[in-house]
Amino acid sequence: MIPASSESVSGSSGGHNESQHDRDGTALDWIFLAMANQQLGNGSDAKKWLKQVDDHLTRLKEDPMFDDPNWLWDWEQILQLKTLYSEARNLIEK
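Reading the sequence shown from the start, the letters are residues -13 to 80 in our numbering.
In case anyone wonders, no lab produced these hints; they're calculated from the structure. One or more of the hints may lead you astray.
Claimed, not checked - Estimated spans, in silico, between C-beta atoms of each pair:
#1 G27 with K47: 25 to 35 Å
#2 R45 with L65: 26 to 36 Å
#3 K47 with E73: 26 to 36 Å
#4 W61 with G27: 31 to 41 Å
#5 D60 with G27: 30 to 40 Å
#6 G29 with S72: 32 to 42 Å
#7 E73 with G27: 28 to 38 Å
#8 K68 with K33: 15 to 25 Å
For each residue, glycine too, the CB sits at the ideal point set by N, CA and C.
Take the sequences, apply the hints, and build the full model.
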């Protein structure tokens, strides 16, 4: 499945504004968007997506009642999220 927010990578808004894209998808989607934008040479967009992941993960740590569909992920999915997040940070912040 392609996340609705992935349209941002290609620059196509499909009639939606950017703020709607920011709300769509999951932290995992945003990690992929960050890495894809970095590889495409869109460093500022990559940093924007990575910051959105940072903010989201921070909010989860600070407020465990925060409504997040990832809350019910199993340990393998959480490990995948953390691994890809670390990889994205290394790619974008180098």
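Inset, instruction - Starting from the range 28 to 38 Å, see whether the pair E73 and G27 falls in it by beta-carbon distance. - result: violated, 18 Å
Inset, instruction - Mind checking the hinted window 30 to 40 Å against the Cβ distance between D60 and G27? - result: holds, 35 Å
Inset, instruction - Could you say whether the range 15 to 25 Å given as a hint is met by the Cβ separation of K68 and K33? - result: Cβ of K68 to Cβ of K33: about 19 Å, so the range 15 to 25 Å holds.
Legend entry - Beta-carbon spacing of K47 to E73 - inside the hinted bounds 26 to 36 Å or not: For K47 and E73 the Cβ distance comes to about 20 Å; the hint is violated.
Legend entry - Outcome for the supplied range 26 to 36 Å, where the beta carbon pair is R45 and L65: 20 Å Cβ-Cβ, so the 26 to 36 Å window is violated.
Inset, instruction - Return holds or violated for the Cβ distance of G27 and K47 against the range 25 to 35 Å. - result: holds, 32 Å
Inset, instruction - With respect to the beta-carbon atoms only, verify the hint that W61 and G27 lie 31 to 41 Å apart. - result: The hint (31 to 41 Å, Cβ to Cβ) holds, given that W61 and G27 are roughly 35 Å apart.
Inset, instruction - Determine whether the Cβ-Cβ distance between G29 and S72 falls within the hinted range of 32 to 42 Å. - result: violated, 19 Å
Violated hints, listed in ascending order, are 2, 3, 6, 7; each of the other numbered hints is respected by the structure.
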